[in-house]
Amino acid sequence: MVLIMTNKYILKKDHLVPLLRQLGKEYQLVAPLENKHGDTLFTHIDNLDNCRVDLENQPQNSLKQFFFPQQEVLFRYRNQPGVSYEFEPAKSREDAVLYLGVRPCDLSAILYMDVVFLKDFKDPYYQKRRNNSVLVGLNCNTPFDNCFCNGTKSGPFIDYGFDLQLTDLGKYFLVESDRSRGEDILEKLHQFFELATEDDVKDQYQAYLESRGRFKRQVHVDLAMKNLAEGYVADGVWTELSERCQDCGGCAYICPTCVCFSIYDQQQSATEGERIRCWDACTFSGFTRMAGGHNPVDSSIRAIEQRFRHKLQFDVKKHGRPSCVGCGRCVEMCFGGTDIIRFINMACCEGM
Amino acid sequence: MAGLATTFGSGAMTNSINEIENAQVILVTGSNTTEAHPQVARRIFDAVDRGAKLIVIDPRKTLLAKRAHIHLAIRPGTDIPLLNTMMRIILDENLADDLFVEMRTENFHELRDMLFRLDCQEMAEIIGVPLEKIRAAAQIYGRAQKAVVCYCLGITQHICGTDTVQSIANLAMLSGNVEKEDTGVDPLRGQNNVQGACDMGGLPNVYPSYQRVDVDDFRLKFEKAWGVSLSGNPGLTVLEMTHGGKDGPVRAMFIMGENPLLSDPVQEKVRETLTNLEFLAVTDIFLTDTAELADVVFPAASFAEKTGTFTNSERRVQMVRRVIRPLGQSKTDADIIMELSRRLEYPMHYQSSAEVMEEIAMLAPVYGGMYHDRLEGSWGLQWPCWDREHDGTPFLHKYYFTRGRGRFVPASYQAPAELPDGDYPYLLSTGRVYHQYHTGTMSRKSTLLSREAGEALLQINPLDAGRLSVRNGDFLKMRSRRGEIKLRAELTDQVREGEVYTTFHFSEAPINLLTIAAQDGKSKCPEYKICAVSLEKRTEG
Amino acid sequence: MKDVLTTCVYCGCGCGVYLHEENGRVISSAPSKKHPVSRNNLCVKGWHLHDFIHHPDRLTQPLMRKNGKLVPVDWDEAFAFTASELARIRQERSGDAVGFLASAKCTNEENYLFQKFARAVLGTNNIDHCARL
Amino acid sequence: MEILQPDLYLPKSAEIIDVTEENSQIKTYILSFIDKEFNDSFAPQPGQFVLLSVPHYGEAPISFSSTPDENGRFHLSVRKAGKLTSALHAMEKGDIVGLRGPYGRPFPMEQFEGKNLLFVAGGIGLAPLCPVINSSLQNGADRCVTLLYGSRTPSDIAFKADIDKWRQHENVTCLLTVDSSEEGWQGEVGLVTGLFGKCSYDPDDTLAIICGPPMMIRAVFAELERQGFSDDNIITTMERHMKCGVGICRHCHMDEKLVCKDGPVFTLSELKKLDVMELRS
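Residue numbers (my numbering), protein chains in the order written: chain D, 14 to 365; chain B, 454 to 994; chain U, 1056 to 1188; chain E, 165 to 445.
So here's chain D without its partners, still in its complex pose (with noise of 0.2 Å):
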């Protein structure tokens, strides 16, 4: 057999914990963690011998909240009255942090985010920190019970994003670089590497192929695309899901990608206080409601509307591609079963 060399490499599976701990030498470590509540979350690993790394299982958070806090404090003011009205930056304590883990769709999710935050304006909060972040991703081999990430072209693997990429291939990661970052690491930890093979690689796609077979179910997200674009989405599919929503915003909240916000000071003193930064829904009566009461998005069957032909119509005409991962995460969040899903098909059977 003829070795033929690739710019792929393998990470013996055992190895995984000593790289971190070589990686975590330079970087904060962010690794989907099974905590002992069984929950899984994206957490920062205080201690690598005493935590459980869990990459078989979907993050129940998004990494969404350590690019863009809940809650943040954008800048103190300072305030008196006829004399002074100052603004003093909020201090940033980021280092630099390495995110393993990375699913396509949370993966897709960060590059949405780049555009949503870096393509004009520049976010500085989020620029900051997106600077100092390494990405490890990782292919998804087996979806879970609400994942379309097929439908929404994110998933289940990806070829470009990434820092670092792990594929599971059974005995060892297969282990891809999109950036100098990654790189920077292949080369200086080149210890932990070995070049992979082109079997490997033709696993890699075998593993693909298997995965896109494991989807439970089938979403069409490109023919409700179509349909909200051509206009076939009637009315009543809106009013539908708005007597079913319950108005949480937890389907904005969890969602990798909605990066809606809100802005407003919180005084601490006569002369003090915070602006600060927090996530809100556009779902949301408040969202849009004006001072003195007047509200162009006058009724939730409005601003469900809004929700879903801003992430699979609006950003679609204007970046190319809808603003869902397909991750699922807000099927399984939704109180009243209003969930992007239920939208989907509703919006397929219209037009028809």
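One or more hints might be untrue.
DSS-like mimics (lysine-lysine), calculated; alpha carbons at most 30 Å apart, straight line [claimed, not checked]:
no., chain 1, residue 1, chain 2, residue 2
1, B, 939, U, 1124
2, U, 1089, B, 633
3, D, 132, E, 176
4, D, 132, D, 331
5, D, 141, U, 1057
6, D, 132, E, 436
7, U, 1089, B, 851
8, D, 239, E, 436
9, D, 330, E, 436
10, B, 939, E, 244
11, B, 722, B, 977
12, D, 239, E, 421
13, D, 330, E, 437
14, U, 1089, B, 506
Honestly, the hints are just simulated from the structure, not real lab data.
This one's a predicted model, so the numbers in the text were calculated from it and none came from an experiment.
Given the coordinates of chain D, work out where chains B, U and E should sit on it, guided by the hints.
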């Protein structure tokens, strides 16, 4: 929750929240579930999606009522006639569970005698719902294999609250809808740890685990455990304390994390009482309206700054865990009590809340197996949990009721204490909204929640509003025989003509200036759901 | 930086919520997926559970009424005055002249201690809370 | 530890040089940045807006009611509507506010050159049109400029000084109307659309620029269409709730557009491609 204690022997949810989604029929009464208990509503929605039938009894067309198969929009305060009529229909149509009634209950004959004297048509007129609709509801409930009744403060906050609860229990027992999984009677508790506060003996007549203070055996048990002699006389209830007035029976009060000035009825009476005390101490995390009247205010730590347990509506005792240190100089309520106790020469030595729980486990039988180490390693345990080996009790009354046999306690219609008349033509009900919680002390601090619901709105039917020349958002002056407040109108067909609804979350519109002091004779629960008011448009804010 | 599972305080459902702490500040709330009640979701109040924790209106020192106004005092003064007032009323009248309101928002352990304090120290059963509200 | 330079969200302090009371609800603030160098480089265009910070009340988007004068001072006119604007109304000369911007797509001033202009405004809606009117009078004096302005009552008529100044130009027509009359009012009573019959212009050779409450915008659009204005010649500026001002937070979404970045100035033909509340019947 005195009603269920009389009939079943235990005044708590007989099921777990998760069982509700497996029921075939769900009857919701006196509960705006989607707003006050979202997780329960989610189970109801899921059940309906799977084919369960939903019956909602509510004067208002709530979100849940819109999804109901049958919505019985009864006149406020006519729950007992409705339940009695349903029971009569169940009897007449042979839908009663005779075997269950015979084997598991007592006093059936009294209920039957009462039901047979009932004129259903006359009742339907009192209720304000066509008899055929009531019949349909009774048939659905009566035929169900697994039926759950969920009720909340819409039932209990009436002068006949206890009787109504007993009637609900009668209905459930008559049709055999207790004792099984996914089947039962579920009072939803309003506040996060109201169940726990009751369980812990935060009541004038019982020690922890509902052991009566006037029963010598119990008293002696606690005297021995605590090493002091104890009073065998039941104490005063909250309204007896806060409505005492200038020369009330208590001269000093110690209030821990409550805001009776906003939450109790007839605010002026409460204010009079509290301001005339010789001494008032309050512990709270914020300077509430009540705390502002105090002589001493202790800064308390919030739930994120302490470790302990809460007991939820389904009797699940679960951990509250400390995330950060108490802010500033604040201390946990436990530390405050222990220090005061030490200074009053009764030292309490507890190293941790886990140690307190050990004492609770020793003295409160239903908490007998609750220890922090067990709760820490699980999703909590549902009482009764008798000992360390016991896994808790997801649903109550299996094989036998807590009190032995379930007791039928028939009740008859009792008109509300104050109904609309010429001077005060509108019927006011009070309750909660989704975005706020209780007196708003915590939830109103959230910018987003307050943006969504930042002020008290009076729900009023557009037809009534038209008569008052009031548009959406206009200010109204609302008056009762006890006081007057102003608030904005929200035009909605959720409420019917002649009925208005608002909330008690907002101190700017202290609705309890208006509410009535009338209360249920047994539970002492105030009649928040019905009083008569007049409305007038205000020309300026 | 940590996530701590705790129990929501906003209604009787009792959802399991993760509070996320960063630099001594609780900055977000998220549901527990495996918790039997929350089962991966929260209502709008639960999602905003952390909002009030660091609110500047939080009481951070004891207050006592002096000349009609509540003014900050140290703990010792607040404890001493409270203890002496309770002792005085207990002696001059009886423990039954004191009323206690426990809390549906405090923990079981605190409610237990509170009623024990009322019953064992003041000797009264005048203890209740707003269970009916 | 690194200090962020969050230019994007960090306001700059500006001093209130003077305040004019336009009516009981509207005040005009004359402002200039404390940082002189920045002030000199500050060049907002008509139609753009700033996010104005009032201590402890956060930010609100406010349109410029003037371009900077020779001293670099500019005007913001604000109607008292909510908490922030009420707090602003309580502020006085010498007080300091925060501003960031200018943001948004301005009026297409180059397109207005040499054209006859018809301005239709209601209430505070005249504010963003002021700099357009002023500039249209500066260059190209031989065109016709018509202003139709509606107020609630005679005492609510704002920008009186500006209107008087404009009226001195002979090619300018200013017609005012009020919803309800008061004692001493000799002028028109009724909706602003009622003024259309009282002036003349050539719909094929006139640009209409509109700003006002949604109901007015809807009625004026209908009227102008009836008169034969082409959709491209009807221009308006939209008002929405805003937070970031730069197209991220999405509070100002209007169908697929964001008012802060794609607007606030739109032509009717642009709006017609969208589902806009102001156009819904």
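Hints versus structure:
Taken as a hint, the residue 939 (chain B) and residue 1124 (chain U) pair is honoured in the structure, with Cα atoms around 29 Å apart against an allowance of 30 Å. A threshold of 30 Å between alpha carbons decides the hint, and for residue 1089 (chain U) with residue 633 (chain B) the separation of about 25 Å falls inside it, so the pair holds. A C-alpha spacing of about 24 Å is found between residue 132 (chain D) and residue 176 (chain E), which places the hinted pair at or below 30 Å, so the restraint holds. In summary, the hint linking residue 132 (chain D) to residue 331 (chain D) is supported, as the alpha carbons are separated by about 12 Å, within the 30 Å threshold.
A C-alpha spacing of about 21 Å is found between residue 141 (chain D) and residue 1057 (chain U), which places the hinted pair at or below 30 Å, so the restraint holds. Restraint check for residue 132 (chain D) and residue 436 (chain E): the C-alpha separation of about 27 Å stays at or below 30 Å, so the hint holds. Among the hinted pairs, residue 1089 (chain U) with residue 851 (chain B) is consistent with the structure: their alpha-carbon atoms are about 27 Å apart, no more than 30 Å. Distance restraint check for residue 239 (chain D) and residue 436 (chain E): the Cα-Cα separation of roughly 21 Å lies within the 30 Å cut-off, and the hinted pair is therefore satisfied.
Among the hinted pairs, residue 330 (chain D) with residue 436 (chain E) is consistent with the structure: their alpha-carbon atoms are about 17 Å apart, no more than 30 Å. With a C-alpha separation of about 22 Å, the suggested pair residue 939 (chain B) and residue 244 (chain E) falls inside the 30 Å cut-off, and the hint holds. Proposed proximity of residue 722 (chain B) and residue 977 (chain B) is supported: the alpha carbons are some 16 Å apart, at most 30 Å. The suggested pairing of residue 239 (chain D) with residue 421 (chain E) holds, with an alpha-carbon distance near 19 Å, which does not exceed 30 Å.
This hinted pair checks out: residue 330 (chain D) and residue 437 (chain E) have alpha carbons roughly 14 Å apart, not beyond 30 Å. For the suggested pair residue 1089 (chain U) and residue 506 (chain B), the alpha carbons sit about 28 Å apart, so the restraint of at most 30 Å is met.
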